[in-house]
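If you want the building blocks of each chain, they are given just below.
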Amino acid sequence: MNSSQQIELVCPAGSLPALKTAIDHGANCVYLGFKDATNARNFTGLNFDPKQMRDGIAYAHQRGGKVLLALNTYPQAGNWSSWTTAVDRAAEMGIDAVILADPGLMAYAAKTHPQLRLHLSVQGSATSYEAINFYHERFGIQRAVLPRVLSMPQVEQVIANTTVEIEVFGFGGLCVMVEGRCALSAYATGESPNCNGACSPGKHVRWEQTPKGMETRLNGILIDRFADGERAGYPTLCKGRFEVNDETYYAIEEPTSLNTLELLPELARIGVRAIKIEGRQRSPAYVAQVTKVWRAALDQVMRAPQDFKALPAWMAELNKVSEGQSHTLGAYYRPWK
Amino acid sequence: MNPMKLSLGPLLYYWPRQSVLDFYADIADSTIDIVHLGETVCSRRHELRLDDWLEVAAMLADAGKEAVLSTQSLIESESDLKTLRRLCTQARFRVEANDMGAVRLLAEAGRHDWIAGPTLNIFNPHTLDLMVQSGATRWVVPPEMSGAQLDELRCGLPSTLEAEVFAYGRLPLAHSARCFTARHYNLQKDACEFRCLGISDGLSLSTREGEPFLTLNGVQTQSARVHNLLADLPALANSAEVLRISPQGNHTREIVELFRATLDGRQTPKAAFAASLPLMPDAPCNGFWHGKPGVDQLVSA
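Protein sequence lines, in the order shown, are assigned to chains A and B. With the first sequence counted from 1, adding 698 to any position gets you the working numbering. With the second sequence counted from 1, adding 7 to any position gets you the working numbering.
To be clear, the hints were calculated from the coordinates, so they are not data collected in a lab. Where hints are given, some of them may not hold.
Partial list, derived from the structure: chain A residues whose beta carbon lies under 8 angstroms from chain B [stated by the list, open to error]:
hint	residue
1	A808
2	A829
3	Q852
4	L882
5	A884
6	P899
7	E941
8	I950
9	P953
10	M1013
11	N1017
12	P1033
A few chain A residues that face chain B, going by a derived Cβ cut-off under 7 angstroms, partial list only [what the hints assert, rightly or not]:
hint	residue
13	S780
14	D800
15	P801
16	M850
17	A858
18	N859
19	T861
20	Y885
21	L920
22	R923
23	F924
24	A949
25	L961
26	A1014
In this text the structure is predicted, and so the values were computed from the model without any measurement. For every residue, glycine included, the Cβ atom is placed at its ideal position computed from N, Cα and C.
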């Protein structure tokens, strides 16, 4: 029973206003990235330059918050120094932790900046304590973010067999595939989360009104087609409608968000140390709304876990900002699999 | 061309037991050098258990093949770990590690002959060097890496390390906790009725324009197109020591022999590529090797 331990609320910041909003609404930590391919949300108009990052760190630290830097893509031989420079810069700025996926980069960070706290990114695809303990023994990682694939007993099993703090996703866009192990976007567009920090990138997207309806394409590949009155979603390629054996349906996943709010007492009981909110690509308004609800819920679960109830008002607030205005428990709910 | 080796990747589909045994009996007679064995996709698949795989490995070793045991790509449960530990502690066969948990267990077992699998996400020389220091002597390049990136990465690394390139087969692109085959049949994974059994090339997924796009293989998603580097063989010889052929439902042995004939200089890469086309379950692609979207098919220079 670890419920006396605090659970940190880790919120996304795609910009300085989003960072301030997250801290103002009760985030314990914000996570962010530089304006380049060193992080898995490498989108136009998003992320921080060094000046903004300094300002963001100062703002958070003055208010007792922490700032975590995502450097969670995989550097290659030709661009290695961009990643090491980012680690150096983060350490020099006084970042509270870097979130890494690449073992080579972890070795660099551990050797060059022994005081720098390392988190294992979800992009590291570590789903077992054997894998997590590998990163701990070799590089001294202090926290691991779990891919969205394990059931509650499996998460509990991981926590029981490692000293590494465990962070799980609580809310937001849902990767159906094991993070760090998905090359679908690379197959369709040549750009992947692993190497380019982007899935289904905007520059490959085309929206086209046709006699058959609104068509969304990714590098020319038809991802979905929407009838009049249907809300046309962004063509993330695993969330389109496809044909299998003459049946047309969401063959991989519906446009939906993960929401584990109702599982909070259980997550607290098994000893989860941090809850991550997805959505660095979303607006400050999203960050405000989601942070507010999760702060209130976490406070309640810390105070009296046995009395916790996911209030309908909270769920309604969260559904408003969910993809497809719907939510799922994902892998925590066995039938989802 | 240098004496490249041919390897057979692990069987990614779920075939009836007798089909699997017949397939490997045939492979024992082929000119393949290395054969990867074991269930890497889904722990629910049980037509062959670990002991059965060990028997197949022994049979292939007796036939002069290098038998390698491949570990499961996505580890979820304690029982997955139990199987993984057995694989990593048996001493007879080499092991392909497809997860960092396997790397830890192999290092712990003192193995210095293991293979760093394609899902370890090794994209730079620093990470590769860490694996070499931990005992890896061969490395399966992530399929999404281009030939140019591979060449750049290998500069300055020990020449004793072998690189293996995915040269034929539908590309394994993603793994999930969800089973997309069970989903297609409106079944839950826990009660999947093993509906993937006997779908020998996976379930084909097309766009709403009828264009084949992906292949559903249980919890794994593959490309619809078949990655085929036969026509790229001349350039490949300078970049890799081993070529991987991933088993498809039909004609795998013939594909192996086409690669062999090309490596031996008995057939031109161009002619071998043309001869392979009618043997494939779908159209060819080679974009990844050329640094393009994987789905692309580029004519080799």
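Here's how the hints hold up against the structure:
1. With 8 angstroms as the threshold, the beta carbon of A/A808 stays out of range of chain B, its nearest partner Cβ sitting at about 11 angstroms, so the hint is violated.
2. Among the interface hints, the one on A/A829 holds; its C-beta lies about 4 angstroms from the nearest C-beta in chain B, closer than the 8 angstroms criterion.
3. Checking A/Q852 against chain B by beta carbon gives a least distance of about 6 angstroms; that is within 8 angstroms, so the hint holds.
4. Hint status for A/L882 relative to chain B: holds, with the closest Cβ pair at about 5 angstroms, below 8 angstroms.
5. The beta carbon of A/A884 is positioned within 8 angstroms of a beta carbon in chain B (closest approach about 4 angstroms), and the interface hint is therefore held.
6. With 8 angstroms as the threshold, the beta carbon of A/P899 stays out of range of chain B, its nearest partner Cβ sitting at about 11 angstroms, so the hint is violated.
7. Interface restraint check for A/E941: the shortest CB-CB distance to chain B comes to about 5 angstroms, inside 8 angstroms, so the restraint holds.
8. For A/I950, the interface hint holds, since its Cβ comes within 8 angstroms of a Cβ in chain B; the closest pair sits about 6 angstroms apart.
9. With a least beta-carbon distance of about 15 angstroms to chain B, the hint placing A/P953 at the interface is violated under the 8 angstroms criterion.
10. Of the supplied interface hints, the one on A/M1013 is violated, with its beta-carbon coming no nearer than about 23 angstroms to a beta-carbon of chain B, more than 8 angstroms.
11. The beta carbon of A/N1017 comes no nearer than 22 angstroms to any beta carbon in chain B, farther than 8 angstroms, and the hint placing it at the interface is violated.
12. Of the supplied interface hints, the one on A/P1033 holds, with its beta-carbon coming within about 5 angstroms of a beta-carbon of chain B, less than 8 angstroms.
13. Of the supplied interface hints, the one on A/S780 is violated, with its beta-carbon coming no nearer than about 12 angstroms to a beta-carbon of chain B, more than 7 angstroms.
14. A hinted interface residue such as A/D800 counts as satisfied when its beta carbon comes closer than 7 angstroms to some beta carbon of chain B; here the least separation is about 6 angstroms, so the hint holds.
15. Given hint, A/P801 at the interface with chain B, holds; its Cβ is 5 angstroms from that chain's nearest Cβ, closer than 7 angstroms.
16. For A/M850, the shortest C-beta to C-beta distance to chain B is roughly 12 angstroms, which exceeds 7 angstroms, and the interface hint is violated.
17. About 10 angstroms separates the beta-carbon of A/A858 from the nearest beta-carbon of chain B, more than 7 angstroms, and the hint is not met.
18. Violation of the interface hint for A/N859 is found here, the shortest Cβ-Cβ separation to chain B being roughly 9 angstroms, above the 7 angstroms cut-off.
19. This hint is violated: A/T861 has a C-beta 15 angstroms from the nearest C-beta of chain B, more than the 7 angstroms allowed.
20. Taking 7 angstroms as the C-beta contact cut-off toward chain B, the hint placing A/Y885 at the interface holds, the least distance being around 4 angstroms.
21. Here the hint on A/L920 is kept, as its CB sits about 4 angstroms from the closest CB of chain B, short of 7 angstroms.
22. Using the Cβ-Cβ criterion of 7 angstroms, the hint placing A/R923 at the interface with chain B is satisfied: the shortest such distance is roughly 5 angstroms.
23. Residue-level restraint check for A/F924 is violated (minimum Cβ-Cβ distance to chain B is 11 angstroms; threshold 7 angstroms).
24. Annotation: interface hint on A/A949 holds; nearest CB of chain B at approximately 6 angstroms, less than 7 angstroms.
25. Because the closest C-beta pair between A/L961 and chain B is about 16 angstroms apart, greater than 7 angstroms, the hint is violated.
26. The criterion of a C-beta within 7 angstroms of any C-beta in chain B is not met by A/A1014, whose closest approach is roughly 27 angstroms, and the hint is violated.
Hints 1, 6, 9, 10, 11, 13, 16, 17, 18, 19, 23, 25, 26, counting from the list given before, are not met by this structure.
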